[in-house]
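Please model the entire structure based on the sequences and the hints provided.
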Amino acid sequence: MERLIEILEDIQPAADYETCTTLIDDHILDSMAIIALVAEIEDEFDITIPTVEIIPANFNSAQAMYDMITRLQEEE
Amino acid sequence: MSSFFSILYVLVFLPSVVILYNIFPKKYRPIVLLVGSYIFFWSMSGKLLVYLLFSTLSVHHIGLWLTNLQSERNLKLKEVEKSEKKELKGLYQKKQRRVVLFGVLLHIGILLAVKYTPFFTENINSLFGVLNIPITLDIPKIMMPIGISFYTLQAVSYIFDVYREIISADRNLLKIALYMGFFPQIMEGPICRYSETAHILCEGERTSYQGLTMGIQRILYGMLKKIVVADRLNSLIKTVFDNYSQYDGGIIVVAAVCYTLQLYMEFSGTMDLVIGTAQIFNVKLPENFRQPFFSKTVSEFWSRWHITLGIFFKDYIFYPLSMSKPLKKLTTKARKLVGNHLGPLVAGAVALFCVWICNGLWHGAGWNYIFFGMYHFVLILTGNIVEPYAKKLLERLHVKKKGVAYHTFSVVRTVILVVIGEMFFRANGLRAGMSMFKNMITNFSLASFSDGTILTLGMDAQDFMIVGITVAIVMVISILKEKDVSVREGIAKRNLVLRWSIYYALIIFIVIFGAYGRGYVPVDPIYANF
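Sequence lines, in order, name chains E and Y. According to the numbering used here, the first sequence is numbered sequentially starting from 1. According to the numbering used here, the second sequence is numbered sequentially starting from 1.
No lab work stands behind these hints, which were simulated from the structure alone. By construction, the Cβ of each residue, glycine as well, lies at the ideal position given by its N, Cα and C atoms. Please note that a few of the clues may not be correct.
[As the list claims (entries may be wrong)] Short derived list, chain E residues pointing at chain Y, Cβ under 8 Å:
#: 1; residue: D10
#: 2; residue: S31
#: 3; residue: I35
#: 4; residue: V38
#: 5; residue: E42
Next comes the structure, spelled out in structure tokens:
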């Protein structure tokens, strides 16, 4: 989780990733940030994020992203 | 039937379908809807109904083909060792991808052949001319079935959603046929996902009093926009766009603003009618507009205008492209080279370019549509590139980004950019659009307003007044919606006398001030031709 928050802060510093649950809904992460984020997460956690996973529910909070990463790691 | 706003549709066809739908037992109601839908399609496109039938059958078959492959894969996965699972998954993914490619090429191929053959042939002939090759190909005249641009995208989204296992392929052909051909949305959308509408379309719930009144209320609001405003503006727009060289920049600006207004009133008015009609059958369709003229950026505008098309492009073109392996690698490399801000924009720009070239071409086969797409691509990409620099500049100038002044400036700037884009969109070709734009800048004058020219373009002072009042009504309702105040629910909660007084006032307003009869030419369903 710590590494994920580091990645998020690197890509878009203007948010409190510990508490924010509306990263997509409030346009804190836009589509360009998502592109960077997916590439970094895949590299860091050695997973492939399929397009079907690119939905607001999976990117609205750091916790949701972490859950998705864990799930994809288990599936791989 | 010529459109949703024809007397035959509003007073005969729609009431007949509603009555029959409610007379029949629940299990036959989806059949009533489907027969109604095919009669509607036939009345518009005749024998071209065969295109819709073919697409429906092929989508049904391709969906089942994909699901069978997925079931086969799942069975085999249970039988093999863990180490072999990845390889097996990859093998079946390849097989599925071939089916998806076949399905998408088939449907997009039909669309391309029907819609773009004359455009491509014309351009090949021009190229032969430039290269001095003495060959001239005949430009074929191909009849286009109504709504092909809309139901084709629905077909593609169904195939992708089955492939991605968001939905399971449906064996029920009736359900797929209704999803593809439901009459209110066949002509101009909204573009729906299978998971959004297919199930509810086959529920066959009886029309409720609330559904009927709320549906009629929404239909009336759509008619107000279309018949009172969009149709009334038609003469002026046609006069100026057809004879643009005869007018100064001031008149061109008026025509460009009027066209943007007409496009909004026609398309959003039709969406009101479509969503209202579906509501009568207990079907909730997705919204296609969310007060677009309050947008602060062009990018935001496109997330509020034709929302379902934007979502389609984002989900089926932008993300799959930008998340493809080569572009992901490009993003990682570019981030290291040019930083966090510009890095993702490199891959993003490639995906965005594809989205906007498709968006332009989807709207029509012509260079002005391609220009329209590229115009928005440049605006949105520029907006993304300069965003952090603009933020820093505003901070240095002590301008509050959330302040009223900057907000107003952003909204007005966006409206101006949109109006210019729509002018190119409506112009009779790219050359005409360029000439109009040049005229707007270099030959701007207010003389036509003082010498009375403005009143000779097909609209008199009374027409301008009626348009002004109606636009003001729509604007007030939009402001309230923007502030999360639901005018529709508010009216529905009033007592019977007040509620029906408002409905009757609306009907009388449309009947008296609607632009129909001698001297008026109603605007064709603009988006139905895309």
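| request: Identify whether the interface hint at E42/E stands, where standing means a beta carbon of chain Y within less than 8 Å of its own. | output: Holds - the Cβ of E42/E comes within 8 Å of chain Y, reaching about 7 Å at its closest.
| field | Interface restraint verdict for S31/E against chain Y (beta-carbon cut-off 8 Å) | value | Holds, about 7 Å.
| message | Holds or violated: the hint that I35/E contacts chain Y, with Cβ atoms closer than 8 Å. | response | holds (4 Å)
| message | Quick check on the hint: D10/E CB to chain Y CB, less than 8 Å? | response | holds (6 Å)
| Hint check: is the beta carbon of V38/E less than 8 Å from a beta carbon of chain Y? | holds (6 Å)
Hint compliance for this structure: no hint is broken.
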